[in-house]
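Given the sequences, and given the hints that come with them, work out the whole structure.
Residue numbers (my numbering), protein chains in the order written: chain A, 73 to 549; chain B, 73 to 549.
There could be a bad hint or two in this list.
Note that identical chains are pooled: a pair holds if it fits in a single copy or bridges any two copies.
With a straight-line cut-off of 25 angstroms between C-alpha atoms, the simulated DMTMM-like cross-links for lysine to aspartate or glutamate are [to be verified]:
1. Lys351 <-> Glu341
2. Lys208 <-> Asp308
3. Lys518 <-> Glu533
4. Lys351 <-> Asp436
5. Lys282 <-> Glu341
6. Lys523 <-> Glu510
7. Lys523 <-> Asp256
8. Lys450 <-> Glu533
9. Lys506 <-> Asp220
10. Lys523 <-> Glu349
11. Lys523 <-> Glu439
12. Lys523 <-> Asp436
13. Lys182 <-> Asp237
14. Lys437 <-> Glu533
15. Lys397 <-> Asp431
16. Lys230 <-> Glu241
17. Lys437 <-> Glu349
18. Lys518 <-> Glu248
19. Lys506 <-> Asp475
20. Lys518 <-> Asp352
21. Lys450 <-> Glu349
22. Lys332 <-> Asp287
23. Lys326 <-> Glu495
24. Lys450 <-> Asp352
25. Lys174 <-> Glu448
26. Lys523 <-> Glu248
27. Lys397 <-> Glu313
28. Lys523 <-> Glu533
Derived from the structure by calculation, the hints contain no laboratory data.
Protein chains: 2
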Amino acid sequence: MRSHSRSLVRSLTRAVFATTLSLTTLSSAMLIETFAAEAAATQTRVSEFTLANGMRVVVVPDHRAPVVTHMVWYRVGAADEPRGVSGIAHFLEHLMFKATEKIPSGEFSKIVARLGGNDNAFTGHDATAYFQRVSKDRLKQVMIMEADRMLNLKLSEKEVLTERDVILEERRSRIENNPSAILDEQMSAALYQNHPYGIPVIGWMHEMAKLSPTDAMTFYKAHYAPNNAILVVAGDVTPDEVKKLADEAYGPLKSNPTIKSRQRVSEPEHRAQRRLELKDPRAGRTTLSRHYIAPSYLTATNGEAEALDLMMKIAAGGTTGRLYKKLVVEQKIASSASGYYSGSNMDLGKIGVAAVLADGASIDKVEAALDTVMTEMKTSLVTTEELDRAKKSYIAEYIYETDNQSTLARRYGWGLVTGGTIERIDSWPMDIAKVTPEKIRDVAQKYLDLKHSVTGTLMPEVVATAVVAPKDAPKKQ
Amino acid sequence: MRSHSRSLVRSLTRAVFATTLSLTTLSSAMLIETFAAEAAATQTRVSEFTLANGMRVVVVPDHRAPVVTHMVWYRVGAADEPRGVSGIAHFLEHLMFKATEKIPSGEFSKIVARLGGNDNAFTGHDATAYFQRVSKDRLKQVMIMEADRMLNLKLSEKEVLTERDVILEERRSRIENNPSAILDEQMSAALYQNHPYGIPVIGWMHEMAKLSPTDAMTFYKAHYAPNNAILVVAGDVTPDEVKKLADEAYGPLKSNPTIKSRQRVSEPEHRAQRRLELKDPRAGRTTLSRHYIAPSYLTATNGEAEALDLMMKIAAGGTTGRLYKKLVVEQKIASSASGYYSGSNMDLGKIGVAAVLADGASIDKVEAALDTVMTEMKTSLVTTEELDRAKKSYIAEYIYETDNQSTLARRYGWGLVTGGTIERIDSWPMDIAKVTPEKIRDVAQKYLDLKHSVTGTLMPEVVATAVVAPKDAPKKQ
Chain A
73 MRSHSRSLVR SLTRAVFATT LSLTTLSSAM LIETFAAEAA ATQTRVSEFT LANGMRVVVV
133 PDHRAPVVTH MVWYRVGAAD EPRGVSGIAH FLEHLMFKAT EKIPSGEFSK IVARLGGNDN
193 AFTGHDATAY FQRVSKDRLK QVMIMEADRM LNLKLSEKEV LTERDVILEE RRSRIENNPS
253 AILDEQMSAA LYQNHPYGIP VIGWMHEMAK LSPTDAMTFY KAHYAPNNAI LVVAGDVTPD
313 EVKKLADEAY GPLKSNPTIK SRQRVSEPEH RAQRRLELKD PRAGRTTLSR HYIAPSYLTA
373 TNGEAEALDL MMKIAAGGTT GRLYKKLVVE QKIASSASGY YSGSNMDLGK IGVAAVLADG
433 ASIDKVEAAL DTVMTEMKTS LVTTEELDRA KKSYIAEYIY ETDNQSTLAR RYGWGLVTGG
493 TIERIDSWPM DIAKVTPEKI RDVAQKYLDL KHSVTGTLMP EVVATAVVAP KDAPKKQ
Chain B
73 MRSHSRSLVR SLTRAVFATT LSLTTLSSAM LIETFAAEAA ATQTRVSEFT LANGMRVVVV
133 PDHRAPVVTH MVWYRVGAAD EPRGVSGIAH FLEHLMFKAT EKIPSGEFSK IVARLGGNDN
193 AFTGHDATAY FQRVSKDRLK QVMIMEADRM LNLKLSEKEV LTERDVILEE RRSRIENNPS
253 AILDEQMSAA LYQNHPYGIP VIGWMHEMAK LSPTDAMTFY KAHYAPNNAI LVVAGDVTPD
313 EVKKLADEAY GPLKSNPTIK SRQRVSEPEH RAQRRLELKD PRAGRTTLSR HYIAPSYLTA
373 TNGEAEALDL MMKIAAGGTT GRLYKKLVVE QKIASSASGY YSGSNMDLGK IGVAAVLADG
433 ASIDKVEAAL DTVMTEMKTS LVTTEELDRA KKSYIAEYIY ETDNQSTLAR RYGWGLVTGG
493 TIERIDSWPM DIAKVTPEKI RDVAQKYLDL KHSVTGTLMP EVVATAVVAP KDAPKKQ
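So this is what it looks like as structure tokens:
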């Protein structure tokens, strides 16, 4: 069964598209549940064990090709940073590609490339991960290298300062040069009243500029250790093979007894709708954006997160969502309109909606139309047709993702590192299938509350330019 | 001279009022400077020394009556709290009135009262202070008691939990029952993007409810020690007398070498004007309020803080300010309108303006009028008459305050505990006298920037009430 998952995925996704395109009248809860069960059946059975030093290991078999995805996930992210050193989690991720005793500075990725693989890393608010994709016979070597930098990183002052310039430049290009990213950052800062999700993962520029080698080493020593890491190996390996290799590579690493479970804070009651206005000469059309705080999959109970996912797919999922239909197609007041529920964070989820204004449209009118769409989610039930389509879309997406080894490894890595369970991850298609129109209305009523929201507008700012040349200006020859 | 300060104050304040009321045409920079110099001359000369254990001592002579004000200031406040335990600084302040080995629980204030004195304490974002006012001959006794609780506090689980109910009730009565306080809290949360000034001193309710004896003792042991305290004694004592008593009472206390200088964070660039809207059925008239971030006296340079104080006195100081004249007197769109500059915090100051709407007035109109007044501060110079009046008002206030022993003790205590100097505190009247209209326009241009601001509205919320009695409702007999 497992070795045939690719062809099963193909036939299932063909089925879902056929269903979506022409057989919608035949949709039923039964059909969806069958589809979900079939999706669940495509899952490869995940094995899990823990090394003596506390390192958790997850093996995701995928025998279609002799390659493996090797990921190490640390239970630390930007939301675990102390005040004043924002960006240190991400900065350390960069610095992990510097030297150890065994690997010269900057050689890590080059060695992986010479092994015929590729590698990368990423940092979020809740986790930091390092991964390589290599042929099966190179797994041992990347494990040894990854284990080595888990505890033996050496940082020179010069390298740290040079790399700091790199992250500052990264911030400039990703945030400072992007008015939408600035809007997003400002909205998060206004949305969260207590939680460090209000502080950007990359860090505040003025704090990044002061990050020191000591800050990096302090953070490294506090959080990087086998008992704070999860190893995920997806690919053409058996649990026994992984166990043997992991024992050899990671087994000798000493655990750090000072690492405790993460101390995260929660939000106070939100009482007032917030708004903010960003003017930027580089902005194109005016954008209206809104974020609501919501529970995450980990904090939600009783299927609320699944209902939020479906609610937003129906309300604002791409060009088939109600928001697009109303604002772009019918009223022609927006050139794009969409929304999402983001539920994968550890502590809090987020509902987002945004519209780019059409020429001549007013913000008030767009916001009123947006409010109408969102209010309808609270006051009336979605249709069975809409709900079935949304469910099928998610389940198909899940199947597609299952087809990709690295996405699969990320699914388990992210889920486990933030405190989820394999059972919950695996039952997702079935949990999606169970959501009712009433449940969607309930979560809409509960979470589409403006008191928990921030609404931001990004507007092009007209910069005053001199119409008349200054008197003493040098003339162009 | 010093023993005559009270009568000097009286004659000076008579002079200033005569000047303000009828001699304004005679005002001049010269007159103000003379007045400021005279105000400075009312200052009692402060002595300062440090005990061997690092405790700083300040003596403010005031020999008019045989009483003393004894204050101990700790360099710790709510903005020094770790994430997740908001309110712990204030909670500990309450718990400091519980037991030590020598003083039974709850007896501290009773003993002070039996000595014929009174006592209290307060907590801010930047400092925590404990004070007693007693007759001179009781100073030794209160010193011994204060020294005792600096290191020897004993907390029982039961007492801590009982006192936690007290602070929860305090929050309910001071914040939860007061829509204006909620508005203020929400505005601070939206104004600060990184700094814990955005978190209320009293704490977030959900975090206060979880504060434990361990949280309190951890905070106590981390921050309460002679090398993190400043003793201020104001009153009928000589520096030598205080030195002898302080050596006896506080000298034996061990300093805590783990206490380092405070690590405070700063704000990122503020880029977007924020707004928020609070609806509350208990609100009376609609209120419009705005806060701008500004430097504090400690972070401002070049006389900017003094200029901000004067700017706000002229723009919005009580019923003589421009804001009141325009909104209340001329346009009759507000029933009150005022503003302030708050510059005494360690890290950041704040400019605040607020108006309560008159019946039938619109928020937009009131905000437009408010904007006009603030914009005028940027575009034109204040008159000499306005500036002189504002200066005289501050200098007179300073003289008044100097006349009050406990205010005097607070002036030095707060100034020093937040990192200021005696010289700066003493030169304030002269520094105020030096501010020019141009300087005021400059700081207005620099700091009255909507990007650094949050605008909040508090509106009465009409609660829907059933017009028709429910069918099965029990009838009143």
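So, against the hints stated earlier in the document, which numbers end up violated here? 9, 23, 25 and 27
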